[in-house]
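**Q** Could you build the full structure based on these sequences and the hints that come with them?
Okay, here's what each chain looks like letter by letter:
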Amino acid sequence: MEHIRTPKVENVRLLDRISSKKAALGTLYLTATHVIFVENAPDTRKETWILHSQISTIEKQATTATGCHLLIRCKNFQLLQLIIPQERDCHDVYISLIRLTRPVKYEELYCFSFNPKLDKEEREQGWLLLDLSEEYRRMGLPGEHWQLSDVNRDYRVCDSYPTELYVPKSATAHIILGSSKFRSRRRFPALSYYSKESHASICRSSQPLSGFSARCLEDEQMLQAIRKANPGSDFIYVVDTRPKLNAMANRAAGKGYENEDNYSNIKFQFIGIENIHVMRSSLQKMLEVCELKSPSMSDFLWGLENSGWLRHIKAIMDAGTFIAKAVAEEGASVLVHCSDGWDRTAQVCSVASLLLDPHYRTLKGFMVLIEKDWISFGHKFNHRYGNLDGDPKEISPVIDQFIECVWQLMEQFPCAFEFNERFLIHIQHHIYSCQFGNFLCNSQKERRELKIQERTYSLWAHLWKNRADYMNPLFRADHSQTQGILRLPTAPCNFMYKFWSGMYNRFEKGLQPRQSVTDYLMAVKEETQQLEEELEALQERLEKIQKVQLNCSKVKSKPSEPSKHSGFPTSDNSTANTPQDYSGNMKSFPSRSPSQGDEDSALILTQDNLKSSDPDLSANSDQESGVEDLSCRSPSGGECAPSEDSAKDRDSDEAVFLMA
Amino acid sequence: MFSLKPPRPTFRSYLLPPPQAEDKFDSEPKIKKLEPVLLPGEIVVNEVSFVRKCIATDTSQYDLWGKLICSNFKISFVTDDPMPLQKFHYRNLLLGEHDVPLTCIEQIVAVNDHKRKQKVLGPNQKLKFNPTELIIYCKDFRIVRFRFDESGPESAKKVCLAIAHYSQPTDLQLLFAFEYVGKKYHSSASTPNGLPAGGGPGGAQKTPLFEAYSDWDREVKRTGASGWRVSSVNEGYMISTCLPEYFVVPSSLADQDLKTFSHSFVGRRMPLWSWSHPNGSALVRTALVKDLQQRKIDQRICNAITKSHPQRSDVHKSDLDKTLPNIQEIQAAFVKLKHLCVNEPFEETEERWLSSLESTRWLEYVRAFLRHSAELVYTLDSRRVSVVLQEEEGRDLSCVVASLVQVMLDPYFRTIPGFQSLVQKEWVMAGHQFLDRCNHLKRSEKESPLFLLFLDATWQLLDQFPAAFEFSETYLAVLGDSTRISLFGTFLFNSPHQRVKQSTEFAISRNIQLGDEKGLKFPSVWDWSLQFTAKDRTLFHNPLYVGRSAPCVRNSSGKAFKRTKRNCSSTLRGMPASLRNGLLGDQDSLPRRNSLILQVRPEPPPHAGGPDGGLERFFGEWLCRPADLHGLLLPRLSGAHIKLWKLCYFRWVPEAQIDRGGFITAFHRLSLLADEVDVLSRTLRQHRAGPLEAAYAELGQSRMYFRARGPQDASGTPAFLSSSFPFSPVGNLCRRSISGTPLSAFLSGAKTWLSTETLAPED
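Order-wise, the sequence lines are chains H and G. For the first sequence, counting from 1, position 290 maps to 290 in UniProt numbering; every step adds exactly one. For the second sequence, counting from 1, position 11 maps to 11 in UniProt numbering; every step adds exactly one.
You may find that some hints are simply not true.
[What the hints assert, rightly or not] Below are the DMTMM-like pairs computed for lysine to aspartate or glutamate, each with C-alpha atoms no more than 20 Å apart in a straight line: (1) H:Lys293 to G:Glu621; (2) G:Lys643 to H:Glu124; (3) H:Lys498 to G:Glu364; (4) G:Lys87 to G:Asp99; (5) H:Lys451 to H:Glu124; (6) G:Lys322 to G:Glu393; (7) G:Lys646 to H:Glu411.
Worth flagging that the hints you see were computed from the coordinates, not collected in a lab.
**A** As structure tokens, this is what we get:
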């Protein structure tokens, strides 16, 4: 609180990006955790909440006659343009925000103050939702060739690795230790994914310290052990996800890549995924395209191409496809690395797993995948997503790219994933929000030291609890298609990859998709269910009538069973209604005002509500609550995010309105 | 990119002679029996046996043996060999699997690879070499290739020349439709059953063709246009040969006025009414006034239009020639797009895909038309001002703009019969020069894909509002393809008058008794049963589309509504088809037109502020409201929202095919659900109606291609689904390879036969 120079500024204008003429007048509040803008308009009092941790840059622009312009860019791609009447106020806000958005210790982060009003037990249960050992068991581990190693107990060998790691049985502690000394940051080859069917595995590590000529016997033995753990193949692929040039440059620093002459039976392959700095500037360029006001077709396409973003996405997908093919079609194991083995390696391993194993395409499986390949294997969340004030050069949208890869896959295989786009967007949001403890720190070791699980809540439990919002209605777990490997066309089809409007333009009201097929499907599903229920009720009525009829005369033949087409379950709880009841009910069904017309428009209305119920994604939410106590109140009050509450309010408002 | 090569069949160069002796021995008796399937009036012009149809570019192992036939309607390849690798074939009843209609042919190239010569074949040309292969470039982006290694060199040459000759006829009456319809007339002389017209016997709803007075009259009444009347002044095409016989004009203009005024307009195309907004604003299209001196004519017409407006509001003129790309630019863009999608090797465009796409300018043009139409929608809807589309001749860009405006404003045109009537009204009857623009005679300098541009723009709307249209993208693609089948009268002529004139001449020359009919009745494209089975036609239906719903079924108890928090989001189906048609049911309490007004215009228009500010606000406000699918639709025009229509342009590219992926998989699941809903509502209705037995008779039909087999249906996505469905890229040789590794195929020695530039042209 001591960093807040001014908690409240009045008569601030919030500019609308689409129509520049519309600016909302309101009051700006600074709290310990949020920036809040409340519109003055008495009927809506629309509120915009921004978490400090979401703010990526604050820019003070030139003062004009109307006031001082403040531009706030967020990590979830929201853009806020404020005009503050007094230059002094603007400066205070600016200085306060600069400090507030750059916390220096973890304890300042929102997750340590966030309290969703769950008791201790619920919180602990939340952290137990996912269990990595369970996941390895599911893969069929430990097995004939792989075992759990305790070599990294207490992080003795590698402090950015987890304690529980699977390694080939034939790899002794001596080999592992030797290998770890020959690898950057001692990240030795360890198992990421194991295929029960082909016995092939995906292992990951960092680059070897080979320089121009150095060798390490143990490291060579380690790779042999991985190969031998897969009796079905007499070689392994070693995939270096970097461009060859980068890898060669590393040799001068005593690092580099495996020499095929020294390692027997390996097939070495470069896959040119660029480094974090290239990716950061690529995203920057793409966002500049997004910020263009009414760009021409040519501005957009050229800008998008010049950003290179989709090309990078494709490179990651290609790498994942390559590995998935090696494992599934050739039955060969793959060792993947980049430089440190925590960025590109994480991306590529998780894309490959997603293509290979339908389990990762389920809601829970996807969480486990992130838990395994990203969180436990020491992806540096803190550095990459700038949770604490640090080196800006460390920041890079690495996991964003992975999430986008998943979206691109969902676009190509709309029925193959159990979850929907919203799920991905929420995960992306919370990676930056620091509202939950999952993505804190740079390694498992740091998280344990910080006692994250005792002091914060788990995002996975929250998402799981609200899983109804994240379901893809097109997905059916029992379908054959959802069980196999996803096969992408291998030709260099750049046109397969699309700009993800739902992510990068998600705060642009006019640019959001207005109708999604899945939302419609949800509605259709619901309708089906209602019809089924009514059918059920009618059937029972019919049965009763028939009984009566049968009692009267046994001559009457029994009509065929209506349920045979659909096989609906029948239950006893519904009551037989007379037709009079029925029409009575029809009349009592809330009639709508003409402007809402009919069922269809009601459907659309609700869909918009759905959209805005995305927590915090709808930064613009209508809240009824007063604003007096904003600065001390947790915005979410039990729920994760402010607008979710408010969306519910709106839902009920809607209902009231409809009834009226 | 990867050195890894997927296991491929051993490469066999097609330069080698094909499998010898026994193969030939086997196939010989078979080939003798191979006969083409011919339509009435279709005759075989030339044929050659022992032809190899190439299936893949990098291997000849899938090649098919058969007979290549040129008829006066199509080129046909007849074979007994099954098509390899193909998972699904959308069967057209008029065309065999390997057939290409002559009007679909873009270019014919004969190649002799021994002499390293090639020649693009025009009509009546000589060929100095014996072709070893024939490459057919199709207008729908396909490329088909035949090899003549084993066939008689002379007969191969003859077939090539025959194809070149018959695909480039010198006269309109040589197009197959004439022969076909002539035959039909002769044969129907004995049978009383005449020719199907309009929707035909198969169509559930008849499409108004706007050939008759009554269709126009009905349209005027449907839109509630007051102050407008149908004029018969052009009956017998007495005034203009490029106008329909009947059209709608301001009531205040007498026929005599029209006759006088018409002289001032290019092609005597005086202002034609297209459509009226419920608020009274009208959409009118006109050619330019020829002579600047006659401005006052223009003024008088405008006054008449103003008079026909209930508020007497002014007229907004939109000069399309000045605001939109011209037909040459559109054609140039399309040629570039085709080049990008068909010819250009992947390796070259890989890195520069987006900029290559941009440089075609196709998407930019699609957007320009959408944007301009949306602006006019604002004028009609919000400013309540009548719009006059002006264009030199008023029969090109106006067709696109007038149609798009109506699709956006009137939900009726988003149904199948409505859309078809729109095409009749704004394209066929308004005298769009299909003959020249589609270049059926292959010698028009005026070729331009305006109709496809319209279909593409409609697809953009469909893509943005997937539940607002009764039809699917398959329907749009098939409709586009149908312009290249010279059987239907719909897309064959430059004007209705041309049809009458040409077909009367033809009838006289063939001794056909026309009776009272004005010209021959050609089959209409809207008679879809000529092309597709009833089952296949169901692919036209969009499973997401919910017709104008009526509260027909509600759960009687409250329990249905406690299930989810979004309980009011249910939609209802099962309304009678007549209501979906845009016609109002009597006591149905949902006034279609009124609701449109109320929803779109909650308050009177703010007159303050310039028109541009108003436009911006109009868009902004519309975007903030939930879209009413049965009301106004406005396209989103940002770069991210205008997309390439992949099903249309990429369906023949093997590499672009995603197995069991693409939107079709969602379409499949949605169809199952929609079908399930249909079955349930029908069952319910039957329950309520009483006689149970009757319920099951009705259950047999479905409007969905994919049928639900009950809620426990776990059959999954059928293996034949791919992103190209229902089309199959197998056998199309636009890219290097079928196995999906063009680069490796290329490197392993496949000849780049497609770039025939390396061959010397025959002089």
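**Q** Now tell me if each hint is right for this structure.
**A** Here is how each hint holds up against the structure:
no.: 1; hint: H:Lys293 to G:Glu621; result: holds, 18 Å
no.: 2; hint: G:Lys643 to H:Glu124; result: violated, 47 Å
no.: 3; hint: H:Lys498 to G:Glu364; result: holds, 17 Å
no.: 4; hint: G:Lys87 to G:Asp99; result: holds, 18 Å
no.: 5; hint: H:Lys451 to H:Glu124; result: holds, 12 Å
no.: 6; hint: G:Lys322 to G:Glu393; result: holds, 13 Å
no.: 7; hint: G:Lys646 to H:Glu411; result: holds, 13 Å
When the structure is compared with the earlier hints, a violation turns up for hint 2 alone.
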